[in-house]
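> Kindly generate the complete structure, drawing on both the sequences and the hints.
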Amino acid sequence: MKYDFAAIEKKWQDKWEEAQVFRAGNDYKKPKFYALVEFPYPSGSGLHVGHPRSYTALDIVSRKRRMQGYNVLYPMGWDAFGLPTENFAIANHIHPKEVTKKNVARFKDQLRSLGLSFDWSREINTTDPDYYKWTQWIFLKLFEKGLAYKTTMPVNWCVSCKCVLANEEVVNGVCERCGSEVVRREKSQWMLKITEYAQRLIDDLDLVDYAERIKIQQKNWIGRSTGAEVDFKTTENDILRIYTTRPDTLFGATYMVISPEHPYIEKWSGKIKNISEIEAYRETAVHKSDFERTEIAKDKTGVKICGVSAINPVNGKEIPIFVSDYVLMSYGTGAIMAVPAHDTRDYEFAKKFDLPIVEVVKGGNIEKEAFVDCETGVMVNSGFLDGLSVAEAKKKITEYLNEKGIATPKVNFKLRDWVFSRQRYWGEPIPLVYCEKCGWVPVPEDELPLRLPEIGSYEQTDTGDSPLAKITDWINTKCPKCGGSAKRETDTMPQWAGSSWYFLRYTDPHNKSTLASKEALEYWTPVDWYNGGMEHTTLHLLYSRFWHKFLYDIGVVPTKEPYSKRTSHGMILGENGEKMSKSRGNVVNPDEIVKEYGADTMRLYEMFIGDFEKAAPWSASSIKGCRRFLERTWALSDSVASGDCYSAKNEAILHKTIKKVGEDIENLKYNTAIAALMTLLNSFYENGVNRAEYNTFLKLLNPFVPHITEELWSIPGNMEMLALSAWPAFDENKTKDEEVEIAVQLNGKLKATVRLPADSDEKTASDKALSDERVKAALSSCQIVKTIVVKNRIVNFVVKPL
RNA sequence: GCCGCUGUGGCGGAAUGGCAGACGCACUCGACUCAAAAUCGAGCGGGAAACCAUGUGGGUUCAAGUCCCACCAGCGGCACCA
-19 MKYDFAAIEK KWQDKWEEAQ VFRAGNDYKK PKFYALVEFP YPSGSGLHVG HPRSYTALDI
41 VSRKRRMQGY NVLYPMGWDA FGLPTENFAI ANHIHPKEVT KKNVARFKDQ LRSLGLSFDW
101 SREINTTDPD YYKWTQWIFL KLFEKGLAYK TTMPVNWCVS CKCVLANEEV VNGVCERCGS
161 EVVRREKSQW MLKITEYAQR LIDDLDLVDY AERIKIQQKN WIGRSTGAEV DFKTTENDIL
221 RIYTTRPDTL FGATYMVISP EHPYIEKWSG KIKNISEIEA YRETAVHKSD FERTEIAKDK
281 TGVKICGVSA INPVNGKEIP IFVSDYVLMS YGTGAIMAVP AHDTRDYEFA KKFDLPIVEV
341 VKGGNIEKEA FVDCETGVMV NSGFLDGLSV AEAKKKITEY LNEKGIATPK VNFKLRDWVF
401 SRQRYWGEPI PLVYCEKCGW VPVPEDELPL RLPEIGSYEQ TDTGDSPLAK ITDWINTKCP
461 KCGGSAKRET DTMPQWAGSS WYFLRYTDPH NKSTLASKEA LEYWTPVDWY NGGMEHTTLH
521 LLYSRFWHKF LYDIGVVPTK EPYSKRTSHG MILGENGEKM SKSRGNVVNP DEIVKEYGAD
581 TMRLYEMFIG DFEKAAPWSA SSIKGCRRFL ERTWALSDSV ASGDCYSAKN EAILHKTIKK
641 VGEDIENLKY NTAIAALMTL LNSFYENGVN RAEYNTFLKL LNPFVPHITE ELWSIPGNME
701 MLALSAWPAF DENKTKDEEV EIAVQLNGKL KATVRLPADS DEKTASDKAL SDERVKAALS
761 SCQIVKTIVV KNRIVNFVVK PL
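With my numbering, the residue at position 67 of the first sequence is 47, and numbering never jumps.
Treat the hints with care, as some may be off.
Unchecked claim - Label-pair restraints from in silico Cβ distances:
(1) Val567 - Ser465: 46 to 54 Å
(2) Val770 - Asp189: 29 to 37 Å
(3) Gly5 - Ser310: 44 to 52 Å
(4) Ser25 - Asp353: 44 to 52 Å
(5) Gly697 - Glu(-3): 53 to 61 Å
(6) Lys743 - Val352: 58 to 66 Å
What the hints assert, rightly or not - Once the Cα atoms are required to be at most 25 Å apart in a straight line, the calculated DMTMM-like pairs of lysine to aspartate or glutamate come out as:
(7) Lys450 - Glu439
(8) Lys284 - Asp366
(9) Lys(-5) - Asp89
(10) Lys77 - Glu439
(11) Lys284 - Asp334
Since the hints were made in silico from the structure, they are not lab data. Just so it is clear, CB atoms sit at the ideal spot from N, CA and C, and this is done for glycine as well.
Structure (structure tokens):
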């Protein structure tokens, strides 16, 4: 019989669906396993070959865990709000809802065709009002607890489209769509206080099992630094507060810099002699786009404030104050003490403006460059700190400043609050109402979801407001508090909102009265294993951890962390080794692969392609090897002998393979698990195979290639589905071969190999080695000094010439 | 600039400090065929060999792809965070 993958795959997909095989039970007594992959954005271009890499990997884990008796939840849904859909809607005058519906249908067909064991009864969609009701509800809770606030923020503004752009739409400083200049413009935006959770987001990384690179990236993004705020007196007799991580270098502070946005410029305006120059500088700095700011980052600019200076508190010296945009108002206090000898930026600035550079830590060459890595140096030119190590100086100066009451220890974070507003249509409406009398008032809970109104045009207004701002009968409403006339917020939420809590909804997706029942959350959370792309490490992963912690704080969820374990897969690149993209013309369409080779081959190949965590280029010829393996698996089914226990010839390799495949699946080593299965098949071809052996092989192979194995399992008359059968067990004692081949080395260089019984003692091994002709010959001209034997591995003779 | 990752055959890649190149692709030869494809069998880092080979140069060790130090190259992320 021919291996007719198309018919087989269709047959089993239908059977699984009909029998609801992958439905997660609500049997809360069974051990559970919650596997999660990032739900896709259903784009118009359909599934990418990258999607199945992640989905197949956790499908394999899920299928194995089911066979091991777990109650497995492996859900799927749609992160369907977002820009491309909206842009498509604008261009084609179709409602984004319709676009989404079509794209979801296509994605779902494509996913179904891959035989992924998702529980489709729990499918969710972030654009479904029954879903976003709870996204809005969480937002209202954040608002209620003071974690949502409105503030004026610079946004990206395209001068030609006259609209606000998301960061993703700004490419190399210009508008992605029209190529025109993008400038900064102030706009009032809703913000979420993620910074309030910064410390906990770092600390609780200790509670979870994330790949180390993910933890490091999160920590870097949050960017904690410890230092002190120090007060400098000025000639105006007021206090300029700065932040520094290096109070020990205070004697080297030869000038100060404040940010162009610093409020003291106004405060001192009467005293500043060159105020017009300062204001002109400030104007240009404020209006620079982010792109311009970074473009000219190498070249420092600034203006000296004439008329006001500061006093260095340790030596009483009067030092000048500059305004420069290399100091950011949004970090620390917006003012710094500049220590050019030990900071590269200060050094550059000092060189340009010809300011004194005073070395305070010995060891560098400050004629040439700033000496920054000076943690092990010794203090100089620093009065009472001279001769101390940097660490000692830090301690002493801190005590000194504390005593004088001009310094306080301070921790700062790079992490900023989350800009939560989008001036767009296709997102969750922010459920707030503005009343002249009562201010911002939440839409009452029983009025949620606040639905998106039906409108005809999805473009922003000329002022960059959301298209919702044009719907006057939607905007104008009554204040829920006082009943007076009020206006709805017209901004919508960012795409990150719906994806920040979706994993909770899967546990109880149809619940009408709460986002998920207590019992469901108690049982299913936290997610046991979450796999996704590295590109989501800093935003999505951080945002969802933040929301989860907030929900924990208000008693909605039972765990501090949403995900016990997080892994990430590498990208699948085009055949030329570059990222797949339409413009590079190297995109592989998964539909065509499934059509030509079948879903099983596609799955197997994507798992065999290389190290799961690393990027790997697609290869049209390599996939044939995977297909060949399945053909050989199929062909062998005709020559299976009877037998209900393992034969002596195959016993050891079977136990070994069961062990290896099981361990490799848990350790993301799918490629070597498949290699072991290929080796096993080769061994069957060599030694013959019986029914018991072939059945074990099918079980091990099933999570990888579920359709063909299910078919081969059913052919001899098995009524129970393979997917529901028990995962094979192995016996550690039987994983060992009776005889082993060991290497014989002279001074670590291979001279021969010898065979001997497994676990032979050192004497037996070295005697056997010594009796080998090649070893004898090699030893004839030298003397053995020492013999090293590693059991079942090597015998190494350490020798010297006679 | 900073952070992270990666350098192993023609290619994808294997190797708890213990026989480098498992498994697969490509390729070569042979069988089958009128022929080709498919399939099956054999070979496949370099070198005649001694030996030499895991980006480069040092080091630790009886033994290094693996550990340490210093470089070089590529990829990804961040970007004036005091």
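> Taking the CB of Val567 and the CB of Ser465, does the distance hold inside 46 to 54 Å?
For Val567 and Ser465 the Cβ distance comes to about 53 Å; the hint holds.
> Lys(-5) and Asp89 were given as a pair; does the straight-line alpha-carbon distance stay at or below 25 Å?
holds (16 Å)
> Does the structure keep Lys284 and Asp366 at a Cα separation of 25 Å or less?
Violated, because 31 Å separates the two Cα atoms, which is more than 25 Å.
> Given a hint of 53 to 61 Å, does the C-beta separation of Gly697 and Glu(-3) actually sit inside it?
violated (23 Å)
> Are Lys450 and Glu439 close enough, with their CA atoms no more than 25 Å apart?
holds (10 Å)
> Note whether the CB distance of Lys743 and Val352 lies within 58 to 66 Å or breaks it.
holds (60 Å)
> Lys284 and Asp334: Cα distance at most 25 Å?
Judged against 25 Å, a Cα distance of about 12 Å means the pair holds.
> Given the hinted pair Lys77 and Glu439, is their alpha-carbon gap at most 25 Å?
Distance of about 15 Å is within 25 Å: holds.
> At the C-beta level, are Val770 and Asp189 separated by a distance inside 29 to 37 Å?
holds (32 Å)
> Evaluate the given range 44 to 52 Å for the C-beta pair formed by Gly5 and Ser310.
holds (50 Å)
> CB of Ser25 to CB of Asp353, is that within 44 to 52 Å?
Since Ser25 and Asp353 have Cβ atoms about 48 Å apart, the given range 44 to 52 Å holds.
Checked against the numbered hints above, the structure breaks hints 5 and 8 and satisfies the rest.
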